[in-house]
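Model the placement of chains B and C on the given structure of chain A, informed by the hints.
Protein chains in written order, with the numbering used here: chain A, -1 to 405; chain B, 39 to 178; chain C, 73 to 572.
Hints were generated in silico from the structure; no laboratory data involved. Source: prediction; values computed, not measured. Among the clues, some could well be false.
Below, in silico cross-link-like pairs of lysine-lysine (DSS-like), each with a Cα-Cα straight-line distance of 27 Å or less [what the hints assert, rightly or not]:
1) A:K290 <-> A:K56
2) A:K335 <-> A:K84
3) A:K391 <-> A:K109
4) C:K297 <-> B:K98
5) A:K346 <-> A:K391
6) A:K239 <-> A:K174
7) A:K335 <-> A:K360
8) C:K297 <-> C:K504
9) B:K98 <-> C:K504
10) B:K98 <-> C:K175
11) B:K98 <-> C:K371
12) C:K364 <-> C:K504
Ranges between beta-carbon positions, derived for each pair [said to hold, decoys possible]:
13) C:V78 <-> B:W156: 45 to 51 Å
14) A:G292 <-> C:V78: 26 to 32 Å
15) B:L135 <-> A:T30: 33 to 39 Å
16) A:D104 <-> B:R138: 54 to 60 Å
17) C:R368 <-> A:A145: 55 to 61 Å
18) A:T349 <-> C:L495: 51 to 57 Å
19) C:V444 <-> B:L135: 45 to 51 Å
20) B:D81 <-> C:L548: 36 to 42 Å
21) B:D81 <-> A:A319: 57 to 63 Å
22) C:V78 <-> A:T30: 46 to 52 Å
Just so it is clear, CB atoms sit at the ideal spot from N, CA and C, and this is done for glycine as well.
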Amino acid sequence: MIHRTIASAIGLSMLLASGPALAGAEYYDGKTVTYIVATKAGGGYDTYGRLIAKYMEKHLPGSEFIVKNVPGAGHIIGANQLYAAKPDGLTIGTFNTGLVYAQILDRQGVKFDLRKMSWIGKAASDPRAFLLGKDAGVATVKDLQTAAEPIRVGVSGVGSASYNDTRMLMEAIDLKLKIIPGYSGKEDEMAIMRGDVAGAFGSRSSFQPFVDNGYGRFAFEVGGGADSDLPQARDLVTTDKGRSLIALVQSQTELARLTAAPPGVPEDILETLRTAYRSATRDGDLLAEAKKLGIPIVPLYGDDVAEAINAALNQSPDTVALVASIMNVEVKVLSVKTDLLSVGDKGKVITFLSGDETVESKVSGSRTKIRIGGAEGDRKALKVGMICAITYKPGGENEPTTMDCES
Amino acid sequence: MLAIFAGMVAMAVGFPAEGRFLPFVIGIPGTVLCAIQLAIEVDAARRDPGGGLSDGERRKLRTAGILFCWLVAFMTAILLFGFLYAMPVALFAFLRLQQREPLILSLALSAGGLVGMWFIFDVMLRLPLHGGFVIEWLFG
Amino acid sequence: MGLDLVLSSLIGLVTSPTLIGLILIAIPIGMFFGAVPGLGGKLGIVLLIPFVFGMDMTAGAVFLLAMHAVVHTGGSVPSILFGVPGTGPDAATIMDGFPMAQKGEAGRALGASLGASGLGGVIGAAVLAVLIPVLAPVVLAFSPAEFFLLAILGITFIASLSGNSLIKGMIVGAFGLMIAFVGMDPQTGVARFTFGQLFLWDGVDLITAILAMFAVPEMIALGVKGGSVSAVTRDAANYSIRDVVVGMGDVFRHWWLSLRTSIIGAVIGMIPGLGGDAASWICYGHAVQSSKTPERFGKGAVEGVIAPETANNSKEGGSLLPTLFFGVPGSSGMAILLGALIMLGIQPGPRMIVENLDLVWTLIWALVLANVLAVVMFLGVARWVGLLAFMRGGLLIPFVFVLVFLGSYLSHGAWENMLLILLFGLLGYGLKETGWPRPPFVIGLVLGPIAEVSLHQAMAIWGPAFLMRPLSLVFLALIGGSIAFYLWRRGRRRSLEIGA
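Pulled out of the complex, with its shape left as it was, chain A reads as follows (with noise of 0.2 Å):
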């Protein structure tokens, strides 16, 4: 009754055309949309994806959308595709959140820069948690701390989001793990059971049927809510270090299941796009079909998103140090848009903050590109106060390899 209400008040105000809100909505009259999901058809992603299309569809009157599945190197091409796509609000989709990971440590192959996205919505926080087996004989925090022995956990491989939150779990609150990469899909599950492996780390409400089921119990959660049965990693942590390392895990819980557009998109057309994911996320409808399908609905809309990511992505040089350490990549450079907190020694030391901390650096003369206000530029004309998109080598001497200046 309700949506009939609302198809019929904007098939009238499309006949009146008249505001600019309004015009969005009606661009996409007759118009058909790709919602590409970076996986194969079947799985998590593809089914958040066909949910939000269905019901972005219904919210969209006259648009058409269509899913198309682009699968492979861990959602990268996916997102490449997506990013590189025309940014005429006809081409959106979905991605795992684990690529900020990716793109912090500019692992090979990325061409997408998340901080440029269009943000649309996201549309479930998914705490995740640490599954143990029965019969592992290990139940607590407490026991895998203090294990004689690494205890034996699965991951899907090296460079895999599992691994990659397991790694860092291990560093942040100092478990005692050995991790055994090549269990895809729900293959850990079945390891558990037989005991190759005692636990695994992973999306709760996907291991919760496994506990349910009375096969295992969950030792502590990433991300939970204030309410939640389960211990929170963020109160396990003791050091600083471990915080940070636990706070990027926690913001990638709460970003899940994300829909993004490329970058450029007119702002009516993106403000439509996300009016359509906010009515679609809030439809009676795609609810119900969520709960059958016990998938979690938590959305949040367009610039909290946006923000949450650029959040995630301001690491200090230190954490991303660490990072990289722990994954065992080499990082190159890191980027940040901030302004210059001190210009000393004529332009050749500057301080700004990158992440929440602030960095001194030591820019070269030769080396370093320096713009400012698009021109050609030199690091005497550098001035406190600037904003400065700034490229550089994180550690040492933090030297920059790019700066572009507003003047």
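Chains B and C only, in chain A's frame:
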């Protein structure tokens, strides 16, 4: 034939340098086996220097080459113009030019293929196929 | 397990017009998803989920299960007729199915595949029913140590599949293994042999490789030869359903083989992590090795059709076991089916046996009925489908070329794979023309990743001592036996040749 041996040996030699445990375990014996087989073949070839291709064999290779070129043409057309547009044109071209089928039959089969593909993938399954680089560039 | 429950479920199923109607609708859909290269049962479920949404629990589950169960019944059709596999597990059927079509026995091959699929499906369901009480110990007995040895056992079949030259077979097999190592290494996170290409991170797509290695060379050879797939021209009117029935009879004539491969298929399906491709190739290898006349294989031996086709249908019953009773899916297809079942309101898990046993039996019977009805339904059209093998090659070739690219694109969605088709197609044609065996390549490609991953896992978990596990010893004995048997038979054949 020797080119394939050489190619496989080269590949097998190229692999282990990059690989780890198992690629070594497989790659090195693979290389040795290739070398043995090569030796056998060379030995056989030396004993029987008859060599040279007969006319029939040459004609066979030529036809295979032409067909392979068609395969490349099909692929290029699909990559550039997408399945939906490239397929009927490629089908028609092949049937008419290569096979010299009657015009009506060629047209009918190509059109049938087009309708079938459009109906199955566009209407029924709503599965997006490769759109073609030129088409995507032109129409976004 | 009361017999009355078993029977009442069956009666409930066959007396419900809705359920029978749904099965009858599901069968052609499932066979269609199998027969179009690159689609497959997984995608079938994903695309059908919107239609079952809101259906009654039993009806929805029966519909999806029936659809998924007969995918490989349809998948063997293009394998036999054009040498184009409809799905990965149906690729093994090309080995002898396509040569049978070339000999003018397309109808018989279709009949054999149909009968084998039906029988395999039914036996798979029976295995499912029988193993319910002893499920946990059986499924949990197989660990990475056993996966590794099972993969090695499969790899030793390369010897039997090598034809005349063991060296050639081993080279091609090693090459398949090397190709299997392409991609992101799960042990180290290093991209191996990818040449900086992202689409190779997940390895070389199996469907793409098989299409290129088999379908492309066969079509080029057909073009060179001229005429139709079937070398024997037969009057279309002369071609009758009798061929199909003869083929179905073959399945029962080789009943001992059919039974063995059905059970092997069901067991492999039951163990998570091996997959349907491994099941059908291992069964094909087993058929060749256990045959008294292995030299007939690859040239149109009907057993070569029966073995993989029984296996890929029986594995469905097997893979339902962990899915339904642990709530842990045995394959990615089952993972999607599991999701759909949950959506329908079914909670798979150990409580199924206690609380929902009637539903379990309904599903088992649905599996049986779908497999049997698929045979009956397809029997009606098999005759006409078989005629395609007598179609002029010139008309067939361009369509198969398009199907090859389409199948590759549908299965992985990367346009770069089309370039791989050219590369492997050329290689495949070269191998075919120079008389090198191609099956070892696929064996290597299918079993390579299983062998590598499970070896590393077994080493990490138990160290070299994993070879001393009881079940490992059994497999070691099997591997030794397999090699010894091969050598013995080779020796005997040689002495026979000398004697003659």
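Hints, one by one, checked against the model:
{"no.": "1", "hint": "A:K290 <-> A:K56", "result": "19 Å, holds"}
{"no.": "2", "hint": "A:K335 <-> A:K84", "result": "25 Å, holds"}
{"no.": "3", "hint": "A:K391 <-> A:K109", "result": "19 Å, holds"}
{"no.": "4", "hint": "C:K297 <-> B:K98", "result": "8 Å, holds"}
{"no.": "5", "hint": "A:K346 <-> A:K391", "result": "16 Å, holds"}
{"no.": "6", "hint": "A:K239 <-> A:K174", "result": "17 Å, holds"}
{"no.": "7", "hint": "A:K335 <-> A:K360", "result": "17 Å, holds"}
{"no.": "8", "hint": "C:K297 <-> C:K504", "result": "14 Å, holds"}
{"no.": "9", "hint": "B:K98 <-> C:K504", "result": "14 Å, holds"}
{"no.": "10", "hint": "B:K98 <-> C:K175", "result": "21 Å, holds"}
{"no.": "11", "hint": "B:K98 <-> C:K371", "result": "22 Å, holds"}
{"no.": "12", "hint": "C:K364 <-> C:K504", "result": "25 Å, holds"}
{"no.": "13", "hint": "C:V78 <-> B:W156: 45 to 51 Å", "result": "47 Å, holds"}
{"no.": "14", "hint": "A:G292 <-> C:V78: 26 to 32 Å", "result": "30 Å, holds"}
{"no.": "15", "hint": "B:L135 <-> A:T30: 33 to 39 Å", "result": "34 Å, holds"}
{"no.": "16", "hint": "A:D104 <-> B:R138: 54 to 60 Å", "result": "57 Å, holds"}
{"no.": "17", "hint": "C:R368 <-> A:A145: 55 to 61 Å", "result": "58 Å, holds"}
{"no.": "18", "hint": "A:T349 <-> C:L495: 51 to 57 Å", "result": "54 Å, holds"}
{"no.": "19", "hint": "C:V444 <-> B:L135: 45 to 51 Å", "result": "48 Å, holds"}
{"no.": "20", "hint": "B:D81 <-> C:L548: 36 to 42 Å", "result": "37 Å, holds"}
{"no.": "21", "hint": "B:D81 <-> A:A319: 57 to 63 Å", "result": "60 Å, holds"}
{"no.": "22", "hint": "C:V78 <-> A:T30: 46 to 52 Å", "result": "50 Å, holds"}
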